[in-house]
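All chains should be modelled from the sequences, with the hints used to inform the complete structure.
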Amino acid sequence: MFFPNRKNNQGVIKFPKFEFTIGNLLFTFSIIILVITIALPMIMIIYNTFFYKLTFNWRMFGNVIFQKENIGAMVNTIKVSLFVTVFGTIIGLFFAWLVGRSDIPLKGIMKNLFTIPYMFPPFIGAMAWQLLLLPRSGYINKFFVSMFGHPIFNINSLAGIVFVEICYYFPFVFIQVSSALERMDPTLEESARIAGAKQMTVIRKITLPLVVPAIASGAMLILISSLSHFGVPAILGFSNNIFTLPTKIYEVIYKSAGSFEGIRQGTALSVLLVIVVVAALALQRRVLKFGHYEIIKGKSMRPMSIKLRGMKAPLLIICILFLFLVVVLPLFIIFGVGCLKAWGLPLVLKNMTLNSFKYVLFASQMARDSIRNSFILSISAATINMLVGTMVAYVIVKVKIKGKGLLELLAVLPYSVPGIVLAIGVILMWSGAFKINLYNTIWIILFAYIGRYMTFSMKSAAASLGQVHNSLEEASRSCGATHLESLIDITLPLIRPGMVASFFLVFLPAMRELTTSLLLYGPFTRTMGVAIYTIHEEGNTVQATALASVAITIIIMGNLILRYITRERRRN
Amino acid sequence: MAEVKLQNISVRYDKVTVVENFSLTVKDGECFTILGPSPCGKTTVLRAICGFEKLADGEIFIDNKLVSSKRKKLQIAPEKRNIGVVFQDYAVWPHKTAFENIYYPLKKKKVEKKEAIKSTNNVLEQMKMANYTNRFPSQLSGGQQQRIALARALVSTNKLMLLDEPLCNLDANLREEMRFEIKELQRKNAITIIYVTHDQDDALVVSDRIAVMDNKGKIRQVGKPEEIYQNPIDSFVYKFLGLSNFIELEKKSGKIYIKNTKYVFPHNIPNNIQEEEKLFLACRPLNIKLCKTGELKCTVKRVIYLGNIFEYRVMLGENELRVQQDAYDATLSIGYQEGDICGIEFNELRYYNDVGEV
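Residue numbers (our numbering), protein chains in the order written: chain F, 58 to 629; chain X, 321 to 678.
It is possible that part of the hints are untrue.
Said to hold, decoys possible - Cut-off 27 Å, straight-line C-alpha distance, at most; resulting in silico cross-link-like pairs (DSSO-like, lysine-lysine):
#1 Lys544(X) x Lys325(X)
#2 Lys455(F) x Lys335(X)
#3 Lys390(X) x Lys536(X)
#4 Lys393(X) x Lys461(F)
#5 Lys430(X) x Lys479(X)
#6 Lys582(X) x Lys609(X)
#7 Lys559(X) x Lys538(X)
#8 Lys459(F) x Lys374(X)
#9 Lys457(F) x Lys428(X)
#10 Lys335(X) x Lys461(F)
#11 Lys400(X) x Lys455(F)
Unchecked claim - Output of the computed footprint for chain X on chain F, the stretches with three or more beta carbons under 8 Å from beta carbons of chain X:
#12 525-531
#13 540-553
To be verified - Pairwise CB distance ranges (calculated):
#14 Glu239(F) x Ala492(X): 34 to 40 Å
#15 Leu549(F) x Glu668(X): 55 to 61 Å
#16 Val269(F) x Asn535(X): 39 to 45 Å
#17 Thr85(F) x Glu432(X): 37 to 43 Å
#18 Leu386(X) x Lys516(F): 39 to 45 Å
#19 Leu549(F) x Asp491(X): 31 to 37 Å
#20 Ile458(F) x Val336(X): 15 to 21 Å
In case anyone wonders, no lab produced these hints; they're calculated from the structure.
C-beta: ideal position from N, C-alpha, C; glycine also.
Printed below as a string of C-alpha cells:
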C-alpha cells in the first residue's frame, strides 16, 4: 500500500499491521484449513480438466463430454433425478399432510417411522431390494415365477434405481413440510373455514400455497442429492451397464486402474456433474425467493385436524403398507438373509444361523478392519469438524474482519460438490502433486471426510453461536476477561450441547459413507461401506448382508443417541 | 472515581456515520446521563467508552489516561479499562449462578479467595439478593437479574460504571424502585456513572447532569436536571422532556397575534425571539388553566379521565391543545364538558422559532 507522505513529498510504503488478536488468529487458521481441505482439491480438478502441462486446453473436456456413453450417463442422471424429485415430493407431501393435518390415528409412531429411511444408507437399501427383486434369485420374483411364470419386476434397471432412491429421499420433503405445517398459524385455515370454504378448498387455496417454500426447499434437496448420488446406481446399474454420471466417473477411473489418463477423464466428467448440480442450486435459489411467507406462529395452538371420516381406514392402510414396504421389509430382509446358511434358501428358521455374523465380527480380518477403520475415521472426522466448524462459524458469526465472505464461501462449497468429485480432487491433490503422497493411506480418506462434511458442522455451529448473544461475551470483557478467556469461560460452555449434536451430524453420515472411500481405499484402509460393497460385488451375498446388518445397527443406535441428546436440550 | 473525557469522537458502522465530532466531559464522581430518542447514537457513544467500538476520529480519556485514539491508532482492550457495564438485556450468564456471576470479575482481578467471597456476599446483601445466591438466572425474575447485573458491574470497578438503558425492561413500580437504588449505590460507593436512556423520568431522577442528544447524534444541551427542565435551550429539548403544546404566533401591524385568529397575545415576548420569521409558543399541559372568562377563548373538544388527572383537548383557533388538571383541583373548581366554550390562561411560557422536529 502506497501512502505518499505529504510532508516530505516522499512515497512511504506501509503494510497493514497484522495484530495477533484472537479474531485474526482464528480467521487465519480457518482459511488455511479450508483452503487445504476444500479449495485446493477443487482447483486441482479444474486445472487438470482444462490445463495440460500449464497450457489451457479444453479439447479433452470436449472429447469426453460428447462421447456417446457419457452423454447417455448424463441423460440417465437427469432422468432419474427428475423422476425421483417429482414422485419423492408428491409422496413426501402426501404423508406430511396426512400426519400433520388429518385425524389419522397412530400419528406419533408413524411420524417416527417415516423418518427412518432418512438414516438408512441408500446403497444398503438397494441391496435389500435386490434380495427381493433380482430377476432370477430375488424372493419376490421367485414367488411370482412359481405362481405366474415370470418375474414381476427387475430391480437392476433405471426404474429400479428410481424406485429405491424415492424410498430414501422422500423424507427430505416429509420432514420439511411436516415442520412447516407444525409451525403454521392455524388461524389462517380457521378463518377460511369460518368464511365458508369446504375442506378441499382450504387445502387447495390456503394450506398448500403456504407450505410451497417448504415443499420447494425439500424438493431441491432431493434433486441435488439424487444428482450426486452414487450408491444406488452403482449397486443396481453396473450389471446391466446402466450408468449415471457419478457411477460413470467411477467406472472410468476404475477401468483405467487409476492411470492418470483415466483420472483426467474422470475430472472432465466431474466438472460436467458439478455444472449440472450448480444449475440445480441456482434454480433452488430462484424458486425459494418466490414464497417467503412469515407463517410461524408465536403461541402454540393446536391446528385444526381435517376429519377423514370414510377415508380414514383406507388411508391408514395405505400408510401402514407404505411403511411396511419402505421401512420394515428392507430391514427384515437384510437381517434375515444375514442369518441364512446360504443365499437362495427359503427364509425359514431351520435355515438360519449366526455364523455369518460371527464371521464378520470376529473372524474376517478384512471385515473387522473395515469396522475399526470406519469408527476411527468417523470419530476423527467428527471431532475435527466439530472443532474446526465451530472455529469457522465463530469467525463468520462473531468476528468483524475483512475477508469473512471468502471463508463463508469456502465453508458452504462442499454442499454443492458431489462426494465423488471431492474424492477425485483429493486424489489429485494428495498423490504427490505437492510432494506429499497419501494415496492408499487412511489420511487421504480423513482429509476427504473433513472437506466433505465441513458445511454440516459449520452450519450447526453457526446456529448454536447465533443463540449466544454478543452481550454475553462483551459482559465478560467488561469484567476483566480477555477475548480468549471469554471464549473459554462463557461462549464454549454455552455452545457445548450444540457441539455435541454437530459431532453426531458428521459421525453418522461418515459411518455409512460409500462414495468417497470407494475411490480412496487401499488394501488396509477399507471402510464398512467399502467392505460391504466389495463383498457384495464378489457375490458373497450372505456375508455382505451380515456386515450390512451390523452397519445398520450401529447407525440406528447412533441416531437414537442423537435424538436423546437433542430431546434433552429441547426440554431445557 | 474517574473523569471521562470524549474529544471530537466519530464512530462509523461500515459507511454510515453514527456519531460525529462528539465531545463531552463527565466529572469525577458524578452521575451523568446521555438522554436521547432511539436511535440516536447514545449506545454507540457508550460502547466507544467501553472499548467495544473503534473510533473513526477523536480521542477518549478515562481518569486522564488515553484509552482510545484514532490518530495514535490506540484502543485499549475493554478488560483493561477497569469499568463495570450493565447491558440493556442484562447479559447475565445463564450457566452460572447469581453468586458465580458476581464472583467472576473478582476472579479475573485475581482477588484473594476469602476476600472475594466476602465482597460478593456483601454486594448481594446490598442488592437484597442474599437469599438467591445459588439460583440460576432462568430461576430469577427480570428485576432480580437486573440487580445481579448491577452487582456484577459494581464489583468490576471502583472507578466507572456504564449503564445502557438498564431499566427499560422493568415494570413501572420496579423501575421507580431501581432508580432510587442506583442513586443510593452511586452515593455510597462514590463512583462515576454514565447512564444512557431514552426515558426522561429516569434521567431526571438519577442524574447530576444530563446531556440531551438528538437523532442526528448531536448534543443539544448539557446541564443539571433543573436547568434543562426549566430552561430548555431549544424546542427539541423542550419537546423531549415532557408533554408539550406548540402554538404558532404571528406579527401583524406591530402586534403579536395567535396565528389565524383575532386574539392578540397578551404576554410579553422577549425581544431576541421576535426577530425570526416563525414564532412559536410552548407550554406544558399542566401549566394551562381553563377558566370561566378571559380574553382568549377556546372550545372543549374532549374530556378524558386518567385517574389522577383530567385531560382536556381544546381548540384555540386552529390549534388543538392538551390541557391537564390535577383531579383533586378539578373537583374543587368547575367541571368542563364537551362543547363548552371557556377562557384559557397560560403560565410558564417558552418561545422558540421551530417546533422541535429534527
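Hints, verified against the model:
1. Under the criterion of a C-alpha separation no larger than 27 Å, the hint pairing Lys544(X) with Lys325(X) is consistent with the structure, at around 18 Å.
2. A distance of roughly 20 Å separates the Cα atoms of Lys455(F) and Lys335(X); the hinted pair therefore holds under the 27 Å criterion.
3. Under the criterion of a C-alpha separation no larger than 27 Å, the hint pairing Lys390(X) with Lys536(X) is consistent with the structure, at around 22 Å.
4. Restraint check for Lys393(X) and Lys461(F): satisfied, since their Cα atoms lie roughly 23 Å apart, inside the 27 Å limit.
5. This hinted pair checks out: Lys430(X) and Lys479(X) have alpha carbons roughly 18 Å apart, not beyond 27 Å.
6. Of the pairs offered as hints, the one joining Lys582(X) and Lys609(X) holds, with about 20 Å between alpha carbons and a cut-off of 27 Å not exceeded.
7. Distance hint between Lys559(X) and Lys538(X) is fulfilled; the C-alpha atoms sit about 16 Å from each other, no more than 27 Å.
8. Restraint check for Lys459(F) and Lys374(X): satisfied, since their Cα atoms lie roughly 15 Å apart, inside the 27 Å limit.
9. With a CA separation close to 25 Å, the supplied pair Lys457(F) and Lys428(X) stays within the 27 Å bound.
10. With a C-alpha separation of about 17 Å, the suggested pairing of Lys335(X) with Lys461(F) holds against the 27 Å cut-off.
11. For the suggested pair Lys400(X) and Lys455(F), the alpha carbons sit about 21 Å apart, so the restraint of at most 27 Å is met.
12. Counting residues of the stretch 525-531 of chain F whose C-beta lies closer than 8 Å to any C-beta of chain X gives 4; at least three are required, and the coverage claim holds.
13. Check result for the stretch 540-553 of chain F against chain X: holds, 6 residues qualifying (beta carbon to beta carbon below 8 Å, three or more required).
14. A beta carbon spacing of about 38 Å between Glu239(F) and Ala492(X) agrees with the range 34 to 40 Å that was offered as a hint.
15. For the pair Leu549(F) and Glu668(X), the supplied restraint of 55 to 61 Å holds, since their beta-carbon distance comes to about 59 Å.
16. For Val269(F) and Asn535(X), the hinted distance range of 39 to 45 Å is satisfied, since their beta carbons lie about 41 Å from each other.
17. Judged by the Cβ atoms, the range 37 to 43 Å given for Thr85(F) and Glu432(X) holds: they are separated by roughly 38 Å.
18. Taking 39 to 45 Å as the suggested C-beta distance range, the pair Leu386(X) and Lys516(F) conforms, at roughly 43 Å.
19. For Leu549(F) paired with Asp491(X), a C-beta distance near 35 Å keeps the hint of 31 to 37 Å intact.
20. In this structure, Ile458(F) and Val336(X) meet the distance hint of 15 to 21 Å, their C-beta atoms being roughly 19 Å apart.
The structure shown violates none of the earlier numbered hints.
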